[in-house]
Amino acid sequence: MDEFLQFLFSGLTRGSIYALVGIGFAMIYNASHVINFAQGEFVMLGGMVTVYLALTAGIMPVVVAIPVAIAVTALVGLGLQKFAIEPAQSRPGGASVVTIIIITIGASIFVRGVVEVSLGKRDFVLPSFSGNEPIDVFGATLTPQSLWIFGVLAVVVTALKWFFDRTRLGKAMLATSHNRLAAQLVGIDVRTTLLVSFGVAAALGALAGVLTAPITLTRYDVGIMLGLKGFAAAILGGIGNPFGAVAGGLTLGIAEAMAGGYVSSAYQDAVAFVIILAVLFFRPTGLFGGPGVERV
Amino acid sequence: MKRWGFVRTGLAIAALAALALDGAAALAQQPIKIGAPLAITGPASFLGDPEAKTLRLYVDRINKAGGVLGRPLQVIIYDTGGDARQAVTFARRLIEEDKVDGIVGGTTTGETMAMVPLVEEARIPFISLAGASVIVEPVKKWVFKMPHSDRMAVQKIYGDMKKRGITNVAVIAGSGGFDQSCRKEAAAEAPKFGVKIVADETYAASDTDMTPQLTKIRSAPGVQAIVGCGFGAPTSLTVRNWKQLGMTNIPFYFNHGVAAKQFITGAQGAAEGVRLPAAALLVADQLPEGDRQRAVSIGYARAYKEAYNEDISTFGGHAFDGLHLYIDAVKRANSVDKAKVRDAIEQTKDFVGTDGIYNVTAADHLGLTLDSFKMVEIRNNDWNLIE
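Chains as they are written, first to last, in the numbering used here: chain A, 11 to 306; chain B, 1425 to 1811.
Chain A extracted, bound-state conformation:
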């Protein structure tokens, strides 16, 4: 029993991380039908900039460095949309979705390179927010940092729910995702909506990066794997649905941990990807994706 619980905690922790990354993918897909492959880089930036400001350069305490790092990353997200994607889209005829995906890949390589050269190549450690003393729950143990991750994920999900249901901007974003032309015709500023979605996605990614850095250490290239897992979470949940991404992330994390615990630790990644293949095979729209994602 306590073994199962330990696997579950492990799964929930990594699942929550995937979920936070996955939400970013879903937000941007929602607004623009683009899969933003620079999402993992936002995660990396959150952790790396915090570590740099608070520890390497030591110019500010961690509590200040975290919001600053999130703000910096959000600016990078806005910049990506404003200076790389928007110019491509506003050309006569506009760029195709594939072109824009390639732009995001280019941006991710660029960001990774800049960080590698400017902040360093080694692993960096961010201390845990509330110490490393494990908490005992029915014979299984949990680190305080895991609780931080669970808590922040809950807050983010609630805030997103409120954002999409109650705010004009959130509703505008939903409308844009359903029908961009129609949204434009009823007076929604599609450009601003897109810009906001990149900013929010980048900020959420950075938040995930800050939260995970104490657990996983951080390095200029952590974004690759986290981005991939977050993308898998978003796909599993039905891309374009932030809440689906959360469910997808948790499913993925728990599947990995259980596979590692009960089957074989050598195959845990494989098991996770088999689940994704199976879900996509039988339910191509993902666990929570609406029917008919066909676009013309």
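Think of the hints as simulated: they come from the structure by calculation, not from any bench.
It is possible that part of the hints are untrue.
[What the hints assert, rightly or not] Keeping only pairs whose Cα atoms sit at most 27 Å apart, straight-line, the calculated BS3-like set for lysine-lysine is: (1) LYS1729/B with LYS1565/B; (2) LYS131/A with LYS1729/B; (3) LYS1565/B with LYS131/A; (4) LYS1685/B with LYS1565/B; (5) LYS1477/B with LYS131/A; (6) LYS1564/B with LYS1586/B; (7) LYS1729/B with LYS1685/B; (8) LYS1564/B with LYS1729/B; (9) LYS1523/B with LYS1564/B.
Assemble chain B onto chain A, guided by the hints.
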């Protein structure tokens, strides 16, 4: 008029002579080229980075002191990112375009093994800085290696366990080449020391949580100690999870892949009590006065710290040993002829490096013995010699 012609002829002759002299000087001054494909970035960067820094530092120092055989050294470093395919590409470039005289590099076992066929074919001395015993077993004519092998690490660990009366052991290893090679050695050597492996777990290089594996190890019947095989961030995370799960009553041994300060800082205090076999370099100032490795190790440690203001690791030490072993061979061969240098390396006797005292033979292209390996325990976030 005639006088002017005479002057002109004289000038021309002088110019020609100068040119010829210049050419001769250039020939004598042509650098000895050493190629170094290293994993300066990527997951093995904390091995490759100090290696590159060490090579640069010492090539510079040697050149300031007059070079080797009256010729300056030139080191050509390429960053493989820890990728075996990149290592092959760079090895080819070093051999065919840069025309290097020897190769000191190959940070990881994977990179080294990928380069082996190329250097064997090109017939060029290759001194590897990677750990696994497969590099020199079976012996490959042109390939040598500096660090202790993982088999020696496992033997040292089992030897220490025997003293503590430990027989039931769990193994946890990464999925990389070095990790898996160590895992195989752990299984192969176990019967010789009366050790039984009761659990065998693996994690992927990108894993960030090893609690499932450790939970399984904890519930393995009669487990008395854990042997970790790996390097880099995952090893720090593994000992953190070990502490998180309250398993510190089960002694944790690691192989020499974690012999860098980053392991301790990454573990954030969880590495207390972890034991590992390591080169004497780590505990140089704790060595007894008469130890022959003491002076070499302390000298290197001081020079490195002075130049880079960074803690030393044994990996930089491998590069230090590799470079000097090559130079030593060049001096003895009195030439950079590849075959002559190779033969000279194979005849290395009593060469004192940071890793130990090398006695290379035709049958042993490593040349180290077990006693140059020290058992070290991490206490107060520092290395402590325990024997």
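Comparing the hints with the structure gives:
A threshold of 27 Å between alpha carbons decides the hint, and for LYS1729/B with LYS1565/B the separation of about 36 Å lies outside it, so the pair is violated. Pair hint LYS131/A plus LYS1729/B holds up; C-alpha atoms about 19 Å apart against a cutoff of 27 Å. Simply put, LYS1565/B and LYS131/A have alpha-carbon atoms about 35 Å apart, too far for the 27 Å limit, and the pair is violated. Restraint check: the Cα-Cα separation between LYS1685/B and LYS1565/B comes to about 35 Å, which exceeds 27 Å; the hinted pair is violated.
Only pairs whose Cα atoms come within 27 Å are accepted, and LYS1477/B paired with LYS131/A is accepted, the gap being roughly 14 Å. Between the alpha carbons of LYS1564/B and LYS1586/B the distance comes to roughly 34 Å, so the proposed pair goes past 27 Å and is violated. With a CA separation close to 13 Å, the supplied pair LYS1729/B and LYS1685/B stays within the 27 Å bound. A hinted pair counts as satisfied when its Cα atoms are at most 27 Å apart, and LYS1564/B with LYS1729/B does not qualify at roughly 35 Å.
Between LYS1523/B and LYS1564/B, the direct Cα distance comes to roughly 21 Å. Compliance with the 27 Å bound is thereby established for this hinted pair.
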